[in-house]
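Enquirer: Place chain S on chain B using the hints.
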Amino acid sequence: MARRMLLSGNEAIVYGALDAGCRFYAGYPITPSSEIMHLMAKEMPRVGGVFIQAEDELAAINMVIGASWGGLKSMTATSGPGLSLMQEGIGYAVMTETPLVIVDVMRTGPATGQATKPAQGDLMQARWGRHGDQYLVVLAAQDPQEAYDLVIEAFNIAEELRTPVILLIDEFIGHGREVVVVGKDVVIKNRRLPPPSGEWMPFDSEDPRQASPMPLLGKGYYVLVTGSTHNEYGYRDVHSFETHYRLVKRIKEKIIGNLDKMPKPIVLGKPDDAETAIVCFGSVCRSAREAFYKLRERGFRMVFVRLRTLWPLDYDHLSRILDNVEAVIVPELSLGQLIHDVREAVDTSTRVIGVNKVGGGLPIYPSEIIKVVKEACRK
Amino acid sequence: MSMPIHPSRRYLREETLPTAFCPGCYNGIVMNALFQAFKEMGVEDLRDYVFVSGIGCSSWIPSPYIKADSIHTLHGRAIPVATGVKLSRPELNVVVIAGDGDLASIGGNHLLHAARRNMDLVVVMINNLVYGMTRGQLAPTTPRGMKTITTPYGNPENPFDVARLLGYTEANYVARWCVCNYIQLKNSFKEVFTRIKRGFRFIEVYAPCITYVVRREKKSPGEKLKELMRRCIPLKKYYSLLDNERGDKIPIGVYKAEDKPGFLENYRAYIRKAMEG
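So the protein sequences, as listed, match chains B and S. Using the numbering used here, you'd call the opening residue of the first sequence number 1476 and step up by one each time. Using the numbering used here, you'd call the opening residue of the second sequence number -1 and step up by one each time.
Treat the hints loosely; a few may be bogus.
Claimed, not checked - In silico DSS-like links for lysine-lysine, alpha-carbon gap of 25 Å or less:
1) Lys195/S <-> Lys254/S
2) Lys65/S <-> Lys195/S
3) Lys234/S <-> Lys247/S
4) Lys235/S <-> Lys224/S
5) Lys235/S <-> Lys254/S
6) Lys188/S <-> Lys37/S
7) Lys195/S <-> Lys1694/B
8) Lys1745/B <-> Lys1769/B
9) Lys65/S <-> Lys1694/B
10) Lys1694/B <-> Lys188/S
11) Lys1664/B <-> Lys1739/B
12) Lys1694/B <-> Lys37/S
13) Lys217/S <-> Lys247/S
14) Lys258/S <-> Lys234/S
15) Lys1517/B <-> Lys271/S
Claimed, not checked - Pairwise CB distance ranges, derived in the manner of DEER restraints:
16) Tyr268/S <-> Tyr1790/B: 42 to 52 Å
17) Ile1731/B <-> Ser218/S: 51 to 61 Å
18) Asp43/S <-> Phe1716/B: 54 to 64 Å
19) Val1654/B <-> Asp257/S: 49 to 59 Å
20) Glu1653/B <-> Thr192/S: 53 to 63 Å
Just so you know, the hints here were simulated from the structure itself, not pulled from any lab data. Quantities reported herein were computed from a predicted structural model and do not represent experimental measurements. All residues carry an ideal CB built from backbone N, CA and C; glycine is no exception.
Only chain B is shown next, with the shape it has when bound in the complex (with noise of 0.2 Å):
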């Protein structure tokens, strides 16, 4: 049953993984993502599943392996700083196919940085953050309820495809509270078990789009689990090329070859006859929509993409959407990180032009946004 609830971006987290039917969470605190932490040790409990919290990000996420493995769907929280921490587990997940959902609080960085303040500078450490020919997904959302919306996205995504999923907000939407339509009917997927006779294969998969079935602790399968490079059953292959190549390539395909099952971009205003477009994604995204509003108002011919999936990234639909326009502006809450996948997308003529803004917990107000496409507009 839908109700309303006035609620924190880190708050309504919490309301989505249970209605994902997440039953386990493992964490370490770090500002801004303790609430998601506070509300779970409260909430988990209720539902009979089980919290508990780690003693740094390093256990925190391989308990989240072996919880996902023994059969919970299982999630953790953190910001920047930890999420460098889970970095090798994270990409031990990748290589073992374990399906689980990261949820990144972003703050300022590197290092400790502004632990309060918001920031979008873990785009590429979400994407790349790992060692090795890794691939997984990361999600972005704007607000408290698509913070809610996209984490049951997430581990719908993450069961499908056994892999984990990152879902990235910012201290702005973590903390800012607003109201958010909790318990609607959501869509719940969950891990293809093996089949109850016949051959199948733990790690390996015909259709490289499709993840292999995932088997149960405990049931006689006699699982083996290993990071080292494996072949279809599991067993450690260290020295042939085939094995390696097929494995990181399939893992590969698995989440470049699934762009239709993720979130789709959000866009406004008539792409064929805009002249200036605006991409961004996260909390920035709400200045970006109040100034392209204004200045279509005054007459500005403007597209507006607000990008929920961030890797797989759909270039060949970025680049058809901004195909006529002369110049694209890019506002990031950091130095710059989306401005590089925009230029991928666009070709030499076009202008792309960064908005940048960090730290001090600022906003990049709409008339930063608009100042710099009437500039560009000018030119």
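Expert: Just chain S now, with coordinates in the frame of chain B:
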């Protein structure tokens, strides 16, 4: 005449044999003691057991050789993964088998905290005194003065006495045996699966690396076992000696054996409270 079938074969993934361990490696003794314990306990197969290991030679015992569910984790992270498995599936016996480098160095924090929580796990630490898989570098258990590839002039650091350290925590069971104490080791395995079935149960097995310790001493595996038998003394006697009287002796025995409720039971009570409230 057909070949007699080795009684431990049912606990092994036969297609993975022979093992990759060096000739004479004491890992075989540990495996045999574990399997004999299972046999004496009447365990038909290991479907109710989940083995979790880290990175290193001893971590290869369960992955891939033991025929059971096994998770071969990142270096040092066997205990947190095992914790996640146990909390999600309390009905399963979760056993960690890993080395001293994995559990006491890179995973040292997890070891301490799992013991503090009295987490319901069996942890077997095979202490080979060095990092055997990567050519015998200094480990947190390497004795003072011992030459390794990273302490070529003799180890200037002090080693951890891991079993003694854990004896001071909330762990239910802590013991140290040497590979030369086969019967005691086997009985210890039985103890942690039958008599004390809850809480954190830790067994350290003193098993010097055959390649980077024993061979460097120019001893055969058998000669080394004889030497170890001479050096092992009951822990009470060992700790009553003054430092300068201890020499090369190795304390063996049970540091503690209690049957307090483990984390899971305490957590169940906690959940009941949450649900009532």
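Enquirer: Do the beta carbons of Ile1731/B and Ser218/S sit within 51 to 61 Å of each other?
Expert: holds (55 Å)
Enquirer: Taken at face value, is the distance from the CA of Lys224/S to the CA of Lys235/S at most 25 Å?
Expert: holds (20 Å)
Enquirer: Sort out whether Lys37/S lies within 25 Å of Lys188/S, counting only the CA atoms.
Expert: Judged against 25 Å, a Cα distance of about 10 Å means the pair holds.
Enquirer: Holds or violated: Lys1745/B with Lys1769/B, Cα cutoff 25 Å?
Expert: Judged against 25 Å, a Cα distance of about 16 Å means the pair holds.
Enquirer: Measure nothing beyond the straight line between the CA atoms of Lys258/S and Lys234/S; if it is 25 Å or shorter, mark the hint as holding.
Expert: holds (23 Å)
Enquirer: Given the hint that Lys235/S pairs with Lys254/S, test it: the Cα-Cα distance must not exceed 25 Å.
Expert: holds (15 Å)
Enquirer: When you check the alpha-carbon spacing of Lys1694/B and Lys37/S, does it fall within 25 Å?
Expert: holds (21 Å)
Enquirer: Straight-line Cα separation of Lys65/S and Lys1694/B no greater than 25 Å?
Expert: holds (13 Å)
Enquirer: Holds or violated: Lys1517/B with Lys271/S, Cα cutoff 25 Å?
Expert: Roughly 11 Å between the alpha carbons, so the hint for Lys1517/B and Lys271/S holds.
Enquirer: Would the pair Lys217/S and Lys247/S pass a check requiring their Cα atoms to be no farther apart than 25 Å?
Expert: It holds: about 18 Å lies between the C-alpha atoms, which stays within 25 Å.
Enquirer: Assess, step by step, whether the Cα of Lys1694/B is no farther than 25 Å from the Cα of Lys188/S, and give holds or violated.
Expert: Judged against 25 Å, a Cα distance of about 23 Å means the pair holds.
Enquirer: Given the hinted pair Lys195/S and Lys1694/B, is their alpha-carbon gap at most 25 Å?
Expert: Cα-Cα ~21 Å, so holds.
Hint 18 from the earlier list is the only one contradicted by this structure; the remaining hints agree with it.
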